[in-house]
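Peer 1: Chains as they are written, first to last, in numbering that gives the first Met the number 0: chain A, 0 to 700; chain B, 0 to 700.
One thing to keep in mind: the hints can contain errors.
Here are the simulated lysine to any residue pairs, SDA-like style, with alpha carbons at most 25 angstroms apart [claimed, not checked]: (1) A:Lys48 <-> A:Ala561; (2) B:Lys648 <-> A:Arg546; (3) B:Lys194 <-> A:Thr644; (4) A:Lys577 <-> B:Lys648; (5) A:Lys355 <-> B:Leu540; (6) B:Lys648 <-> B:Asn638; (7) A:Lys648 <-> B:Leu405; (8) B:Lys648 <-> A:Gly641.
Ranges between beta-carbon positions, derived for each pair [what the hints assert, rightly or not]: (9) A:Asp354 <-> B:Leu540: 56 to 66 angstroms; (10) A:Phe316 <-> B:Phe71: 35 to 45 angstroms; (11) A:Ile114 <-> B:Ala588: 56 to 66 angstroms; (12) B:Asp645 <-> A:Ile114: 45 to 55 angstroms; (13) B:Trp282 <-> A:Glu551: 51 to 61 angstroms; (14) A:Phe71 <-> B:Ala588: 33 to 43 angstroms; (15) B:Thr318 <-> A:Gly407: 52 to 62 angstroms.
It should be emphasised that the hints constitute simulated quantities derived from the structure, not laboratory data. A virtual CB, placed ideally from N, CA and C, is assigned to each residue, including glycine.
Number of protein chains: 2
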Amino acid sequence: MEKLLLLIPLISGVIAILLALYFAKLVMSEDPGNERMQEVSGYIESGAKTFIKVQYKILTIFVIALAVILYFVPGLSIGHVIAYLIGCVGSMWAGWLGMIVGVKANTRAAQGCTISTKKGFDISFFGGAVMGLAVVGVALIGISAIYWTFGEPVGDQPLYVLGFSFGASSIALFMKCGGGIYTKTADVGADLVGKAEYNLPEDDPRNPASIADNVGDNVGDIAGMGSDLFDSYVASIVAAMLLSVFLSLNDATNKIYFTMLPIMLSAFGLFASIIGIYAIKRWKTGDPSSLLNNGTYIATVVFVGLAAICALMFSVFITDPIDLAFLWALWACAAIGLASGIVIGFTSDYYTREDKKPTREIAHAAQEGDAVVILSGFSYGLVSVVPPAVGIVAAMTFSYLIPFSLVGTFEAGVFGVAIAAVGMLSIVGTIVSNDAYGPICDNARGIAEQGDLGDDVIRVADKLDMAGNTAKAITKGYAIGAANLTVLALLFSFSQDAGAAIMNNINLLNVSVLIGAFIGVVAPALFSAVLILAVQRNAALMVDEIRRQFEEDPGILKGETAADFNKCIDIATKGALKELVIPSIISIAIPMAVGLVFGVAALGAFLAGSILSGFVFAIFMANSGGAWDNAKKWIEDGNLGGKGTDAHKASITGDTVGDPFKDTAGPSINTLLVVMSLTASIFIGLFLALNAGSGLLGAFF
Amino acid sequence: MEKLLLLIPLISGVIAILLALYFAKLVMSEDPGNERMQEVSGYIESGAKTFIKVQYKILTIFVIALAVILYFVPGLSIGHVIAYLIGCVGSMWAGWLGMIVGVKANTRAAQGCTISTKKGFDISFFGGAVMGLAVVGVALIGISAIYWTFGEPVGDQPLYVLGFSFGASSIALFMKCGGGIYTKTADVGADLVGKAEYNLPEDDPRNPASIADNVGDNVGDIAGMGSDLFDSYVASIVAAMLLSVFLSLNDATNKIYFTMLPIMLSAFGLFASIIGIYAIKRWKTGDPSSLLNNGTYIATVVFVGLAAICALMFSVFITDPIDLAFLWALWACAAIGLASGIVIGFTSDYYTREDKKPTREIAHAAQEGDAVVILSGFSYGLVSVVPPAVGIVAAMTFSYLIPFSLVGTFEAGVFGVAIAAVGMLSIVGTIVSNDAYGPICDNARGIAEQGDLGDDVIRVADKLDMAGNTAKAITKGYAIGAANLTVLALLFSFSQDAGAAIMNNINLLNVSVLIGAFIGVVAPALFSAVLILAVQRNAALMVDEIRRQFEEDPGILKGETAADFNKCIDIATKGALKELVIPSIISIAIPMAVGLVFGVAALGAFLAGSILSGFVFAIFMANSGGAWDNAKKWIEDGNLGGKGTDAHKASITGDTVGDPFKDTAGPSINTLLVVMSLTASIFIGLFLALNAGSGLLGAFF
């Protein structure tokens, strides 16, 4: 009956959902502003809803089809299929709720800015917190309920949670890629014609793509980023639970505690996040950016303390001294994981901050023209891979070595790595809240502009928006680090599922393994290219449409007739959904093909190769894009001659190139890696059934 | 006395050198044109000589210092040091000869264009052939002489050739990186001010950086590319010879033939190249581009035939049927290697040809501005990685499987892969000739422009130049493929040197191995970034200098006073040499650090990781750059509105971004990979001496 402990995450999850709903009510009770603002917000809301509805319709077909396939995969049962469906529905619901509250919060936040900075901040932040808490709540309820229900028959092994994770991730992939393509189609299209050709300011209501751009912030940055972190969060817990099965403990009856440790740590992490959120609420003054960062720091410190309490609680049941020492080693791993996540986030921030050397140098490079600013941002983006790589390597090394040195088994070491990933993601509630805050402010700024709230209010909204951008930069680094450590844990869990014979065979001198690694390294590069081309293709359609509207109705530019927003929303919606086909093939079909043709060991190497190369591409793209964006903003603040100079023009080129880098391709790689890893794990029975796991070509090697 | 067979490569090498000298004499006997042309050519020559002299001075210190270090490395002896020094000197000599003839040939080729296209073509081609033949000659003489001299005492094991290869590669790294930085510093600088700000045409004598630009073609594209292929060529032969040691043959006395097979195949490849060169010489008419391609095809077909003769010759001595079958399997591997090299070259060409879809789409993207053309070229560059990756994977798979399925040992399989690399590089004489032809025509065009030879002659030179560009695109893909297969062979040879215990340990689930792979994947990205930043920094200095000259002396722009070329040459020279420090640290210090800290197995994974990620970056950068270049040219040919349009301006931005991609960072990655692999191999005694090869941290994992 140790499983009664599962009530803790289950109840925590319910608390998270209730809090999310409470925050949603809080936000809804605020003043939605004047009629024009409500009108604009209404457009954004209806655009976002349309997109999500169409997307969910398509997803439903996909989900059902995949559910049927899963049912027939060797080693999977109806339990997995049910868990998978719950994961899908949970992910869809959390995304829907977070986004709806986001589009409701924007106009209220704009109105709040007329009262005070803190008021505007609070509304945006609580709007974002709904997403953060919903994500955590759904994850905790889902995992603990599935483990509770399906745990008993197979000796308490957490076999079915993998299905839940696969469901969450397959939805996340579509949300992230689709949202990412949508948001940048609109953004790039709006900028290329509106800003560059007609000199319209950002968010100008005459720009037919302005509403689509705001919709994009919601579907791409709130729903998309939320589901990205949701899938990493779930996967990190699931990977650790699956790895716990392979632990050889001194006292075998202790196993159940270690299996429950990941979900329990996550539940305690939720409370750390809530404390962080309430701390932010209590502060009456302060720079928005410091408020967000302080919330993160508080959550971090509180988590380390709460995790110790969690370990103390478990130590009541664990009497064997070695197992007890192992437990505390895992506490250290969780702390290391979280600390390294924070460090990775903040070093990423260094490479994209406008007051630091890289971004400054990129801005200066803009003085020498478009080509030089591109070269400079490209190179610094690649250089910026090094510090987070050191961070991940350090996290992996220490979280492996500490338990390994105590217990002496490989299994204990990799369980430490998995717990580090859990620790890193434990305060995901805070992180998603901070991240979802950004697009709400961004929209609020646009609504303030379109609702004629005056320059002072716009300035307040701008300040909130800037804090959102910083938070976004930190979150992105953190999300990549967290996803990376999670997929490393998944790699270990996949390999252990594959059995010792295959594990010993994931040797790079083995030619089929080397081929697997080769394909793995190429996959994220190809995936990025496909997404960027998709944005480019759709943005071109958008550009044509905007030009057409301006040419056919000169009244639009004069502000006399309203632009046809719906046409632009339609282009972004259809384009984004159409372009999802190839990325989803890459993420599911390629690992399937590698596993079936070259075997399970090659598939392991494929995953490792894709994790490493995906890390490089994700960080490089996120940071190049962020640095270009901020270099442009720094110039727009009046530096190097300010707006209208050649340097400014060049910096806009940098920013436009960076848009799909940082908001489409870069962050989608996280989800790609998780989906590929889970695909490998969930279909492993199929691969093992073929030539004992050596694949179609296995007999030849 | 089977070693008498070594006389074949030795004499072949001497023939190659003699032919090179004969071609050099042929070229020198041509009319060097009018006074102005000779003057310009004289500037180029003196600029190139200055750069090489300063570079060689610095290199000498580096070479001596490294020689002393090598002497004290466990497992190395004075023989290795001597071989190393010979490799260095040989590489320097070949680079020097090729480049000198190149700078002599340019004015003569320009003058030749006044007579006929074929005359201009011949002079350029024979000028290039000097480099091609010198490279092959030095390699064949060096390897066979060293093996002959040092082979006996250790039972005919080719232990010392590794030193020769390390010497060749360490020089190549400096030549390639230094030349690459030089050429693009001058090119980008000249373009940014001369073309973009003052609308001067290419090669305009008023542009102070025009001579430096021409010098750059010679030091970067002739000496640099020559040494790049030289080092791959030597390394491929050496890797195969080293791997032959581990073969278990049915009849042990046959071992010597398999050890000699790589160098023998290369010698026969030389004759295939010579036949190709003479075929080109014989054709009296024809499009320059087809002439070059036909030469390559002929050399390919002839090589397959000659390799069969080589195998036939060996089959006289080899009586055991299994060993004999193995010999013929290796013949197939050599043919597969060469065929896949050609296929990779031509598919790379597809992605950069102006009449194919990718480049066309990039050109169309230019109509939507600078940002879109960058996004498009970037994405197609990444997509273009897929076909050559398939090519390499196919070459590796078949060349492993054919001998493996016959003999049944891993060692036989990887020897097949090594022989495929040898086969791929066998016709390097033709490839280098075609490649070095390009910069000579490029220079000839400039000299024709500066020497007032009239539009007709310039048009002829342009035609030759365009053929050179196509050849260059093919060569680049080929060079990357060849380097890649070679470093794979080096990886196998390194691992076998490390011993079975460590070989079995290069498992990606081993955390220290995973860390090694992680560092390996990051290294080429960092290396590329450092080189691009170096170009950007130096180009900025060049830009300042050109602007200064134009401002201080308005007579320059009017054509009344001569620009100060030397100042620009000086900036390029000093900048290129200064910037070499970090790349050389990356290439030598990082593998040393991985080997010493994480151990030999991690170092193996580091090499594998760097090979895979290096392949992606090298192909992506080479092809993006090539496609941007040709998209610009296509627009300049009058398409999409032609010169002066916004699309043209955007395409120039693409081309400028692509310059350091395709001519500095991309191709330098090949040399980086070879140097890192050889560093690992040559210092292996040191790594193995530390904690039995598990490194400083080894005890903890």
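Peer 1: Can you name, in rising order, the numbers of the hints this structure does not satisfy?
Peer 2: Structure breaks hints 4, 7, 9, 10 and 14.
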